[in-house]
Each structure stands twice: as structure tokens, then as C-alpha cells.
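Chemist: As a plain string of letters, each chain reads:
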Amino acid sequence: MAVQTKTIKLTVTRYRPEQERAPVTQSYDVPYNEDWVVLDALQWIKDFEDGTLSFRWSCHMGICGSCGMMVNGTPKLTCAAFLRDYYPGEIRVEPLSNFPIIRDLVVNIDDFMQKLEEIKPYIIRADADTAPVGKGNEFRQAPEQVEDYHQFSMCINCMLCYAACPVYGMEPRFLGPAAIALAHRYNMDSRDEGRDQRMSFVASSEGIWECTFVGECSVVCPKHVDPAAAIQRTKLATTNDFFKSILMPWGNK
Amino acid sequence: MRYKIDTIEPFWWGLFMAGAGVIGMLLPIHILAQGIMPGVGAVTPDTMAFRIVNFLTGPLAPLIKLYLFVLISLPLFHWAHRFRYFLFDLGLHGGRMALATLCYGAAVVGTIIAAIVLFSV
Amino acid sequence: MHGQQSAGRSVGYPWRQPSGWWLKNSHYIMYMIRELTAVFAALWVVIFLAQIAMNGRNVAKWSASLASPGWLVFSVIAFIFVMYHAWTAFTATSTLMYMRMGKEPVPAGTINGSMFVAWLVATIVIGVILLTPIFG
Chain Z
1 MAVQTKTIKL TVTRYRPEQE RAPVTQSYDV PYNEDWVVLD ALQWIKDFED
51 GTLSFRWSCH MGICGSCGMM VNGTPKLTCA AFLRDYYPGE IRVEPLSNFP
101 IIRDLVVNID DFMQKLEEIK PYIIRADADT APVGKGNEFR QAPEQVEDYH
151 QFSMCINCML CYAACPVYGM EPRFLGPAAI ALAHRYNMDS RDEGRDQRMS
201 FVASSEGIWE CTFVGECSVV CPKHVDPAAA IQRTKLATTN DFFKSILMPW
251 GNK
Chain U
1 MRYKIDTIEP FWWGLFMAGA GVIGMLLPIH ILAQGIMPGV GAVTPDTMAF
51 RIVNFLTGPL APLIKLYLFV LISLPLFHWA HRFRYFLFDL GLHGGRMALA
101 TLCYGAAVVG TIIAAIVLFS V
Chain S
1 MHGQQSAGRS VGYPWRQPSG WWLKNSHYIM YMIRELTAVF AALWVVIFLA
51 QIAMNGRNVA KWSASLASPG WLVFSVIAFI FVMYHAWTAF TATSTLMYMR
101 MGKEPVPAGT INGSMFVAWL VATIVIGVIL LTPIFG
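Chains as they are written, first to last, in the numbering used here: chain Z, 1 to 253; chain U, 1 to 121; chain S, 1 to 136.
Honestly, the hints are just simulated from the structure, not real lab data.
All values derive from a computational prediction rather than experimental measurement.
Hints are not guaranteed to be accurate.
Stretch by stretch, here's where chain Z covers chain S in the computed footprint (C-beta under 8 Å, at least three residues) [what the hints assert, rightly or not]:
1) 12 to 18
2) 58 to 64
3) 70 to 78
4) 102 to 115
A few chain U positions that, by computed beta-carbon distances, are all more than 10 Å from chain Z [stated by the list, open to error]:
5) 8
6) 10
7) 14
8) 17
9) 50
10) 57
11) 65
12) 69
13) 89
14) 120
15) 121
Where a beta carbon is used, it is the ideal one built from N, C-alpha and C, also for glycine.
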């Protein structure tokens, strides 16, 4: 006796530069499974329907940050977007907004990678040369000091926040949520002495000041980093520095 | 400053935040007391009018005028900063300097007018 | 626009921000409304300033201004926008300010709550001054 398999329709962006001038869509009827996520559906398409479909993925468990895409217009990790939350409606899968498309669902993230490097995402010490970290020279950090920066260290570089940010969508020079959150993570780390080095970049006109606190970055973040908070707090710190330097100009060398 | 940045944005943002505080904390009761209650009869317009003139002419007038100056000026700077970025959000991108000059300039002009009006009332 | 810079290799199909981007979800729409609150706040204080300029010390003129139906309607609209501003500003305080005194960070609810308390105090104090005969 034939059993009717439930299916769900996925409409996926296709872009093959060698054959298309602009992105198009292609629809597939994928078997519906209660436990499946959108990534499973994409892999089923690639395995059984259309081997030419290109997309990034890796861990399938929400920690590598590779599988970010737009699912029905919302930036999501496709390994965390369950088919059952959309069934029986159609699921639209598009590449992350605000990035150039290399192919199908794969976006060019060079801009983001460059920005991550530029904010100096590592502990900077004034005495790095004379007193390197090692046996007998350890940093002590109390649990509450870890608390100060911990949430900002949870970023998995999935770029959902960049896809959600309308400012980045309009102004590609904007440093962006994740990069600023990472800078804030180091600025708040009691072991770090590099805040001033980062600030000349982070607090520039293309840094925090482009942000208008739309807040969507923090809404879509799968790791609850709250980059919006990192940005507003950096604005406050910079503004304090600015007014202090004007009203109390002594001793700021 | 211990580090250099390529902008005086913190200055405008500081005024923006001060304006946000004035608007959030002080404006509601003023709008209620001066704008809504007389109109619905919760307080008679004559009484309110008499009180306002009293405030502007009584012994505490200088203090009250200073308060009103802050009440009027800071929201203008809040508007200027926010509106400038609101126009960016709507897609307006050319002439950033011109836009900033127009918005902050309007707030400065409004502030000067407020000072003149309050001083001479 | 995105994707225009190139080091000799393809950077991909460029991104273009649609002009109606803010209509795409309710968060963006509420954000635009929040931004608009500044316009109504500024307008209300500007019109108040105009009243001071035009009415000066004339009680009768002030009475007419305050009784004007247009002023009432505009004030009601401005009030709604300004209250929304207050709500968004106060609930954003904990996002803006991180405070740790001792071992525990100050909870977000406490920080935001104190803003509402401050608002209540300011409203009562100014309300008493404006609406009661205490100051004449």
C-alpha cells in the first residue's frame, strides 16, 4: 500500500555567474520530516534532486556559524530553522542580505573578515615584550570580571547581524555589529590594555557612529551576544572620553 | 583624548542623549498640563494662562526661564541628530556635510531664538 | 555599493538596499516610528516657544492659545509619540549602561525601573508646580 509522503516546498535562490546575469529562484518539493531543519532540506536537494546547489555548512549544531541564510526574509542559521515551524507553508531560502552573492546561497564575506582583523581581536598588553605571559606571570581574573565580557565572547561569526542591519545594507563601510561587539569584548577584558588602540578605529565615523540602534542585530543573534549593547556602550564610553578631554584637558596624555 | 578619532560625532551624540532625557522625563507632564488638560477642561484655560504669566514674570522668573531654555533647546538637538540619520535611513545619501549643517544649524538657530524670546518676555 | 571593490577577481553579484527595506518587518517599522517621535517632540517645543513669543505676558492671549482645539489635537498626538519615546528610551537604558558594583551586575530591570521611578518623580513634582496653586 502506497503511503502519501508529506512534502514541503522550498524556493531557493540560484545564481550561477556562468549562466545567469542575475539571481533567479528554483523550487523543490522536499520530503517533510518533523525533525528536519532547513539545512537538512538543502542537503536532501543536493543529494537527490540537484547536485549543483551550492551552500555553506559545517557543524549542523549552531556553533560554527557557516550556514547563515535568509529563511522567509529573516536571517537564520539553517541548522536551527525547523521545517515544522513553517510547514505546510512554503519556505523561501535566500543568501544572507547585504552581502554580494558569489554563487547560489554563498555570499562574499571578505569585508567582514577584514573588519574582524582590523579591530585587533586579541589581548594587548603594554608590557608584552618585557613581561610575556608564561609560568610565574599569569593573569588573574575573578569570575565577575569574566562576567563583564563573557556574552560578547560568544560570537560565532555567523553574520546574521550584518544581514539584519539596515545601516550595513546601505553603507558597506560601516564596521558592523559583530566586529564592534568583538572589540568591546576585548575592551571589557580586565587583562587587556589595548582599548585606546582599538578606539581610533572603532570610534571613527565609519565605526560606532553609523549605528542608529535599530537593534535588529541583537534580535537575530543566535548566541545572544547583544551586539547592539556593545555598540551603545562604546558610544557612551567614547562620548565620556570626549567630554572629559574638553572639560578636564589635563592629564590625558 | 588619549586616542584620535576623525569626527566630532560624540559631541552631537552627547547632546542627543541629553535631549532624549529631557523629552522622556520632562516633556510628557508639560504636554499634559499645558496641551491637553486645558483643552479638555481638566484645568480652566484662564487659570493655566494666569499661572504661566506668573511664572514668566514672578520672582523666580530667571530660574524658570533657564529651565524653559533647556526644555526647548535640548529637544531640538535631539531632533537634529535623529532626523539627520532618519533621512539616511530613507535612502538620502548625498551631501552629508550639507545635511548635518542644516539639521544642527536649525537646532542652533532655534536655541538662539529661544534665548532671545525668553530673555525679552 | 557592496561588491564594487575588486582585486581583479569577482566579488559577486552586488547587493542593493531596497528603498522600502523598513517595511519588511514590524521591528523596522517600529524603529522608524521611534525615530519619528523626535519630530513631534521638537514641533511641540517649537510651538510652545512660538506661544511665548506671541503671547508674552498677556493672560487673555495665553488663555486663547491653551483653549485652541488645534493645540489640543496636536498635543494629544505629540503626547502619544513622546510617551513612546519615553518607553523606548527608558527600556534601552540597561542596554546602554552596564554597571557592576561588587560581584553582581546591576540587573536590567533595576536600571530601567529606576528610570521609570525618576520619570514618576519628575512628573509629580512638575505636575504639582504647574497644576496646583502652590506656586500661584
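Chemist: For the segment 12 to 18 of chain S, do at least 3 residues have a Cβ located nearer than 8 Å to some Cβ of chain Z?
Modeler: holds (count 5)
Chemist: Per the coverage rule (Cβ-Cβ under 8 Å, at least three residues), is the segment 70 to 78 of chain S covered by chain Z?
Modeler: It is violated: at least three residues are needed, and the segment 70 to 78 of chain S offers just 0 whose Cβ sits closer than 8 Å to chain Z.
Chemist: Confirm or reject: residue 89 of chain U is not an interface residue toward chain Z, with every Cβ-Cβ distance exceeding 10 Å.
Modeler: 7 Å, violated
Chemist: At 10 Å, judged by beta carbons, does residue 14 of chain U keep clear of chain Z as stated?
Modeler: 5 Å, violated
Chemist: Please confirm whether residue 17 of chain U is truly not at the interface, meaning its C-beta sits more than 10 Å away from all C-beta atoms of chain Z.
Modeler: 8 Å, violated
Chemist: Is the nearest CB of chain Z more than 10 Å from the CB of residue 50 of chain U?
Modeler: 41 Å, holds
Chemist: Count the residues of the segment 58 to 64 of chain S whose Cβ falls closer than 8 Å to any Cβ of chain Z, and tell me whether that reaches three.
Modeler: Answer violated; 0 residues pass the 8 Å Cβ test.
Chemist: Taking C-beta pairs only, is residue 65 of chain U more than 10 Å away from all of chain Z?
Modeler: Its Cβ never comes within 10 Å of chain Z, the nearest being 25 Å, so this holds.
Chemist: Just checking, residue 57 of chain U versus chain Z, shortest CB gap more than 10 Å?
Modeler: 35 Å, holds
Chemist: Checking C-beta pairs, does the segment 102 to 115 of chain S have three or more residues closer than 8 Å to chain Z?
Modeler: Coverage by chain Z holds here, the residue count being 4 at a Cβ distance below 8 Å.
Chemist: Taking the minimum C-beta separation from residue 120 of chain U to chain Z, is that value above 10 Å?
Modeler: Fine: 31 Å to the nearest Cβ keeps residue 120 of chain U off the interface.
Chemist: Please settle this one: residue 8 of chain U was flagged as non-interface, so is its CB more than 10 Å from every CB on chain Z?
Modeler: Violated: least Cβ distance 8 Å, not greater than 10 Å.
Checked against the numbered hints above, the structure breaks hints 2, 3, 5, 6, 7, 8 and 13 and satisfies the rest.
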